[in-house]
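Asks: Please model the entire structure based on the sequences and the hints provided.
What follows is each chain in one-letter form.
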Amino acid sequence: MPPRTLFEKVWDSHVVVAPEGQSALLYIDLHLVHEVTSPQAFDGLRANGRRLRQPLRTVATVDHNIPTTPRGLPITDPIALKQIEALQKNCREFGVPLFDMDSAEQGIVHVIGPELGITLPGMTIVCGDSHTSTHGAFGSLAFGIGTSEVEHVLATQCLPQKKPKTMQIHVNGKLAEGVTAKDLALGIIGRIGSDGATGYVIEYAGAAVRALSMEARMTLCNMSIEAGARAGLIAPDETTFAYVSGRRFAPKGKDWDGAVAHWRTLASDPGAEFDRVIEIDAASLAPFVTWGTNPGMVVPVDARIPELKSFAQEADRRAAEQALAYMGLAPGTPIEAIAVDRVFIGSCTNSRIEDLRAAARVAKGQHVNPKVRAMVVPGSQAIKRAAEQEGLHRIFLDAGFEWRESGCSMCLGMNPDILQPGERCASTSNRNFEGRQGRGGRTHLVSPMMAAAAAIAGHFTDIRNWRFH
Amino acid sequence: MQPFRKHTGVVVPLDKVNVDTDQIIPKQFLKRIERTGFGEFLFYDWRFSSDGAKLADFVLHAPRYAKASILVAGKNFGCGSSREHAVWALADFGFQVVIAPSFGDIFANNSLKNGLLTVRLNEERVAEIMRRSKELENYQLTVDLETLRVEDERGFTAPFAMDDFSRHCLLNGLDDIGLTLQHEAEIAAYEKKHPVRAEMKAIAMIL
Numbered sequence: 000m001p002p003r004t005l006f007e008k009v010w011d012s013h014v015v016v017a018p019e020g021q022s023a024l025l026y027i028d029l030h031l032v033h034e035v036t037s038p039q040a041f042d043g044l045r046a047n048g049r050r051l052r053q054p055l056r057t058v059a060t061v062d063h064n065i066p067t068t069p070r071g072l073p074i075t076d077p078i079a080l081k082q083i084e085a086l087q088k089n090c091r092e093f094g095v096p097l098f099d100m101d102s103a104e105q106g107i108v109h110v111i112g113p114e115l116g117i118t119l120p121g122m123t124i125v126c127g128d129s130h131t132s133t134h135g136a137f138g139s140l141a142f143g144i145g146t147s148e149v150e151h152v153l154a155t156q157c158l159p160q161k162k163p164k165t166m167q168i169h170v171n172g173k174l175a176e177g178v179t180a181k182d183l184a185l186g187i188i189g190r191i192g193s194d195g196a197t198g199y200v201i202e203y204a205g206a207a208v209r210a211l212s213m214e215a216r217m218t219l220c221n222m223s224i225e226a227g228a229r230a231g232l233i234a235p236d237e238t239t240f241a242y243v244s245g246r247r248f249a250p251k252g253k254d255w256d257g258a259v260a261h262w263r264t265l266a267s268d269p270g271a272e273f274d275r276v277i278e279i280d281a282a283s284l285a286p287f288v289t290w291g292t293n294p295g296m297v298v299p300v301d302a303r304i305p306e307l308k309s310f311a312q313e314a315d316r317r318a319a320e321q322a323l324a325y326m327g328l329a330p331g332t333p334i335e336a337i338a339v340d341r342v343f344i345g346s347c348t349n350s351r352i353e354d355l356r357a358a359a360r361v362a363k364g365q366h367v368n369p370k371v372r373a374m375v376v377p378g379s380q381a382i383k384r385a386a387e388q389e390g391l392h393r394i395f396l397d398a399g400f401e402w403r404e405s406g407c408s409m410c411l412g413m414n415p416d417i418l419q420p421g422e423r424c425a426s427t428s429n430r431n432f433e434g435r436q437g438r439g440g441r442t443h444l445v446s447p448m449m450a451a452a453a454a455i456a457g458h459f460t461d462i463r464n465w466r467f468h
Numbered sequence: 000m001q002p003f004r005k006h007t008g009v010v011v012p013l014d015k016v017n018v019d020t021d022q023i024i025p026k027q028f029l030k031r032i033e034r035t036g037f038g039e040f041l042f043y044d045w046r047f048s049s050d051g052a053k054l055a056d057f058v059l060h061a062p063r064y065a066k067a068s069i070l071v072a073g074k075n076f077g078c079g080s081s082r083e084h085a086v087w088a089l090a091d092f093g094f095q096v097v098i099a100p101s102f103g104d105i106f107a108n109n110s111l112k113n114g115l116l117t118v119r120l121n122e123e124r125v126a127e128i129m130r131r132s133k134e135l136e137n138y139q140l141t142v143d144l145e146t147l148r149v150e151d152e153r154g155f156t157a158p159f160a161m162d163d164f165s166r167h168c169l170l171n172g173l174d175d176i177g178l179t180l181q182h183e184a185e186i187a188a189y190e191k192k193h194p195v196r197a198e199m200k201a202i203a204m205i206l
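Quick note, the sequences are listed as chains H and Z, same order.
In terms of numbering that gives the first Met the number 0, the first sequence has 259 at position 260, counting the first letter as 1, and numbering is strictly consecutive.
In terms of numbering that gives the first Met the number 0, the second sequence has 64 at position 65, counting the first letter as 1, and numbering is strictly consecutive.
In case anyone wonders, no lab produced these hints; they're calculated from the structure.
Given the structure is predicted, the values throughout are model-derived calculations rather than measurements.
Certain hints may be false.
[Stated by the list, open to error] Stretch-level coverage of chain H by chain Z, calculated; a stretch enters the list once three of its residues show a Cβ under 8 Å from a Cβ in chain Z: (1) 36-46; (2) 75-81; (3) 184-197; (4) 409-418; (5) 429-435.
Every residue, glycine too, gets a C-beta built ideally from N, C-alpha and C.
Replies: Shown next as structure tokens:
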């Protein structure tokens, strides 16, 4: 057999049948479900008299539109409540395990899968959510799907899929102090563009990727979709196995040994070919801040907003002009001169325990600027408990940050956590689209450390010069 | 799903690149649990002010495009969130075809499942359609999925590509869940070789 990539190995082992002239039918090991993109899919099953094929390969939680105020308070948005109740009813009717509002395991779907040991290397994982790419950090083929495909997987546990092209992003060297996986992701998207990997599955490789923790790998893979790639993978290694080992639903005993032996075979073979290879020098990267309305509109924190004449293509120049008008910013403005009104630390990109530790380290002994409202939203109840055990919540609260319950929150503002028109936010989330965090809201994507520093300084500031207390 | 064979309709130009699905259907409208009724919220923040008043200068509000059923836009249309609501909104509003140099992958997949045809043409051809649809009153295109061609009555003609299977499904309005279920024997055989692991069985017991 010719040398194969990680992606090809996972793909090949999940092809149920590849009928002549049709897309391959791929078996789906794990289907994650949440309240927003599933109700119409369950209705489809009912309308066609179809059963849920594999309830034990289906796991649900509520995350997108639940409030992050203390649990037990009523949900005041009647339409959100209806959607949550629809998921509860669907899970009961079809026998789907649900980590509900009051569950000790509730959290953002892409946070709890890995945390509970449900996400494992070498799997195929789908969810009606584009940030499903997060799970690729484990060497799984994980991608977002629409509601029709959710229905397809509920009914058949399979998906017909066209085989994507492969791209290797090889990150050499070492990230500097203060430069995180988020900055690596933003640096990559800044270089290849927000459609630079459309049609591809990315494999991240190289010394700088190997050196990342699992939390950091999840941040990196999470942002793959912001470059247009449906999935981004990293070969499983000792870091992966150490993270998965002992997790609640991970394999145990003899099963564990067998699983690890299999996972060791998944890495891309020497000589395996990719359709495209991109080399990145980790040492050349700085902390990044987006200035526009897609994640590819990004510069280092010590740079200025680009001049319009720097855009070669007319369409890109016009897009930049429109973005700056929306953002209320002028070309040539130094990033560090931009003041913020709000700070959001959270989302499936950056709400894990390491992210909170990094932000807390910045916040320790300091105080949020009086003009800024800052909130920290842990990715899951388990992370919230862990952070509280370590005393991180105390650091945040003492510094004037809000400490909230877990959920997607202000990443997409489906719950009451939104920006007001014109408000400017330093956000650890993944999308700076127009109106994403609230109509007229202005989002700048940054790492957790950079967000915490902006909260305290009242404007963007280079974390590499931060005086830690 | 309704079959798609050939469609002739008025073209409306949305001259923007990277139109993400958050713009196509903003999040506050994702809480509905039905598939229908999303058309009135299409491009909401561009069509309406925050107090709900119509923004007359948005292109979809121009009377000359009132009957448009073909949308032409810049590259990377439908990037971002996987929300199929974006496709439901476009279709419910009356669009049958979107033409652009490139599309977000998930959006393009979702479109297929709903009989909304996404046509990829190169930048020059998209720019030409954009120009004609701005300059000419009642500018129409015919999109033919059988011959894989886009043309107008003024000499513009361009081929487009689509994989055979997707085309077959669209032409025949096939329910692809039904197609997959025709492989029941293969799926069952795969499942026999790859049973649900013991720990996952425990999830149901714990809950």
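Asks: Does each hint fit the structure? Answer for all of them.
Replies: How the hints compare with the structure:
1. 36-46: holds (count 4)
2. 75-81: holds (count 4)
3. 184-197: With 3 residues close enough to chain Z, the hint holds.
4. 409-418: Holds, because 3 residues of the region 409-418 of chain H bring their Cβ atoms closer than 8 Å to Cβ atoms of chain Z.
5. 429-435: Held - the region 429-435 of chain H has 5 residues with a Cβ nearer than 8 Å to chain Z, which meets the minimum of three.
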